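First to last, the sequence lines map onto chains A and B.
Sequential numbering from 1 applies to the first sequence in this note's numbering.
Sequential numbering from 1 applies to the second sequence in this note's numbering.
Just so you know, these hints were derived from the structure itself, not from any lab.
Predicted model only: the values in this text are computed from it and were never measured.
Backbone N, C-alpha and C fix where the C-beta goes; we use that ideal spot for every residue, glycine too.
Mixed in with the good hints there might be a few duds.
[Unchecked claim] Here's a subset of chain A near chain B, in silico, CB distances under 10 Å, partners left out:
no., residue
1, Leu116
2, Ala124
3, Glu136
4, Leu137
5, Val152
6, Ile153
7, Ser155
8, Leu158
9, Ala159
10, Gly165
11, Leu168
12, Gly172
13, Thr264
14, Val268
15, Leu299
[As the list claims (entries may be wrong)] Which chain B residues stay away from chain A? Per the calculated CB distances, all over 12 Å, these:
no., residue
16, Ala69
17, Thr272
18, Ala273
[As the list claims (entries may be wrong)] Away from chain A, derived, C-beta distances all over 12 Å, residues of chain B:
no., residue
19, Leu5
20, Gly155
21, Ala180
Below are the chains, spelled out letter by letter.
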Amino acid sequence: MNSPRLAVAQGSARHRALQLGGLALVALVLLWGAAQEPFRVGQLTSVLIFAIAISGLNLATGYTGLLSIGHSAFFGLGAYTTGVLVVTYDVEPMLTLPVATVLCFVLGFLVGLPALRIRGLYLALVTLAVGVAFPELVRRFTDLTGGAAGMVIRSKQLAPPEWTGLSLGQRGVWLYWVSAVTLIAVLLLVRNLTRSRTGMAMIATRDNEAAAASSGVHIASVKTIVFGLSGAITGLAGGLFAMYVGALSPDGSFTLLKSIELITGLFVGGAATLYGPVAGALAVVFIPYYSSDLASGHLSGIIFGAVLILIVFLMPEGVVGVLNRVMRRFVRVTPTSPAQKKRKTR
Amino acid sequence: MDIFLERLFDGVTNGAVYAIMAMALVVVFRGTGTINFAQGEMALFTTYVAWWLTVQGQPVWIAALVAAAVGFVLGAVTERTLIRPIRKRNDMASLIVALGLFTGFNALAGLIWNSESKNMPSLFPAGQDDFTTVGGARLYFDALGVWLVVIVLIGAVFFLFNRTRLGLNMRAVADNPESAALAGVPTGRILMLGWGLAGIIGSFAGVLIAPLSAHQLGLTTMFPILIYASAAALFGGLDSPVGAVVGGLAIGLLEAMITGYVGFVGGTLPQTAALVIIVFILLFKPTGLFGTRQMERL
């Protein structure tokens, strides 16, 4: 093993400085994004929203190894919850987000229940059923959802709150910041969760279910709770997405193809890495955009497929996985044991 | 009674196509241990090849055979160049390659033959009057033809698996690749042939379903078929060819009967209802009807 150029002890002044530098960089990038022209801000907003959705998927598929082809349903349920509450009941858009999150948690929990008996690809079938069901149900309950014709949220209803001082025309910027703050909160949650005891249980379940169970991990509750949380986060993204597009239709963004897009983003970015979903979201938004710039329509689809396959061959751990590996060669954070910490404080 | 029979015929016809597509998935799964999500789009591509040949004036039977040959080459080349190098790494990698191929083949078909839907001629007489009456219900010849092809195809696959040396080798590789290799089975070549075989089966499914499909041959023709076929394969047990056939027919029948007889569900929720029933059955048989339980060594 080659020793890294720079070894930093966890919690040391140097480590703190590096962390602060990272935060400042994130803040700068976000400010730079907000200052772009409206079209670009919109694109970046969709990146942020997808990053949240993929982070949700990452909990189930990346960290716990539960392949889900049905996350489009959570995304859709979140979006329609926000849509229906805003359009029909005239609720303040931001207040609909918690409702969407809770509903999707419940749905996720229910989807996780069969996981008590069904495993592997058979479990993926359960999620597939949910993914197929969602657009059909939207079409079935026309009164509530507008059916196949869709549902439009009037832009007046999406106006930024007064205290922000933003005008109706600047609602793009407002949504950009809301999405950014939500994403940061979600990333913090995922980071803390995966480093907790529950996170260890998730990873153990993924790597060897039988061994995890015999070491005292309660597989059933891990799977159901992870599915619930995963669905809740993706549903939260769905709620934001409803505000972003303003028009919902069952065939537009909530079919299985959306699930495939989310899975693609997860693996391109790097499954079971904290920042993988962000890189993946950048890829699923910008690769089709620029490849359709280079070539029209179908050719961009071919390029997208080819890029996916190339990534599997060239960087199987995903973009962030590779970056992490490169980083570790230069900087290593050595953890301080609790005993050392105690000595220091004394 | 006659309405019931017509629904039954419909269900069996669709179910038969799901069954052969599911068979293609099972053949790949037994060898490689993953569901090939690109199987449907590979079949879409070969069906477009068949359609193009009929437009060039070739008879439709020749076109179907050429499509099968193209399917074999596509499957075999995919296995050799894209799947084999990464297969050992993990399941997710093959899954992502399949998703890449899914997007790629669909777009390639669209690029070459544009996205307008095509009229794919049927392999069988498909006129308004080409039917026979059974118990007061019309049984069209093209539906009957589909049943026939499916029976022959399934018979051929079972013959291959149970009566030939190649089939024996395939089963050995599916069962235990290392022991098979030690016993002198050329594992790599067998896997490649397995993918090729799946390509042939899939391309037949495409050629059969396109003339029956309401939207004719379009870029979205095969996706629902793939969904049903994966459900059928999982329902029957991913490693069981018998399961694929039973699963396919069951889904076709469930779909037709639910659409016809369950008022609340009606014509709007057939896929959902069929899948929900399957999920319930899986709760009692977690590895499908005919699937073998995986043993794990600790």
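For each hint, the structure was consulted:
Interface hint at A/Leu116: satisfied, since its Cβ lies 9 Å from the closest Cβ of chain B, which is below the 10 Å cut-off. For the restraint placing A/Ala124 at the interface with chain B, the shortest Cβ-Cβ distance is roughly 8 Å, inside the 10 Å limit, so the hint holds. For A/Glu136, the suggested interface contact is upheld, since its CB lies about 5 Å from the closest CB of chain B, less than 10 Å. Given hint, A/Leu137 at the interface with chain B, holds; its Cβ is 7 Å from that chain's nearest Cβ, closer than 10 Å.
Because the closest C-beta pair between A/Val152 and chain B is about 22 Å apart, greater than 10 Å, the hint is violated. Proximity of A/Ile153 to chain B is violated relative to the hint, the smallest CB-CB distance being about 24 Å (cut-off 10 Å). A distance limit of 10 Å between C-beta atoms decides the matter here; for A/Ser155 the minimum to chain B is near 31 Å, and the interface restraint is violated. Taking 10 Å as the C-beta contact cut-off toward chain B, the hint placing A/Leu158 at the interface is violated, the least distance being around 30 Å.
Annotation: interface hint on A/Ala159 violated; nearest CB of chain B at approximately 36 Å, more than 10 Å. Taking 10 Å as the C-beta contact cut-off toward chain B, the hint placing A/Gly165 at the interface is violated, the least distance being around 44 Å. The interface hint given for A/Leu168 is violated, since its Cβ lies 38 Å from the closest Cβ of chain B, which is over the 10 Å cut-off. At a threshold of 10 Å, the smallest CB-CB gap from A/Gly172 to chain B is about 29 Å, leaving the interface hint violated.
A least Cβ separation of about 6 Å between A/Thr264 and chain B falls short of the 10 Å threshold, and the interface hint therefore holds. Here the hint on A/Val268 is kept, as its CB sits about 8 Å from the closest CB of chain B, short of 10 Å. With 10 Å as the threshold, the beta carbon of A/Leu299 comes within range of chain B, its nearest partner Cβ sitting at about 6 Å, so the hint holds. Chain A leaves B/Ala69 outside its interface by the beta-carbon criterion, the shortest separation being 23 Å against a cut-off of 12 Å.
Residue placement check: B/Thr272 does not keep its beta carbon more than 12 Å from all beta carbons of chain A (closest about 4 Å). With 12 Å as the threshold on Cβ separation, the claim that B/Ala273 sits away from chain A is violated: the shortest Cβ distance comes to roughly 9 Å. The Cβ of B/Leu5 sits about 27 Å from the closest Cβ of chain A, beyond the 12 Å cut-off, so the non-interface label holds. A cut-off of 12 Å between C-beta atoms confirms that B/Gly155 is not in contact with chain A; the least separation is 28 Å.
The Cβ of B/Ala180 lies farther than 12 Å from every Cβ of chain A, with a closest approach of about 23 Å, so its non-interface assignment holds.
Checked against the numbered hints above, the structure violates hints 5, 6, 7, 8, 9, 10, 11, 12, 17 and 18; every other hint is satisfied.
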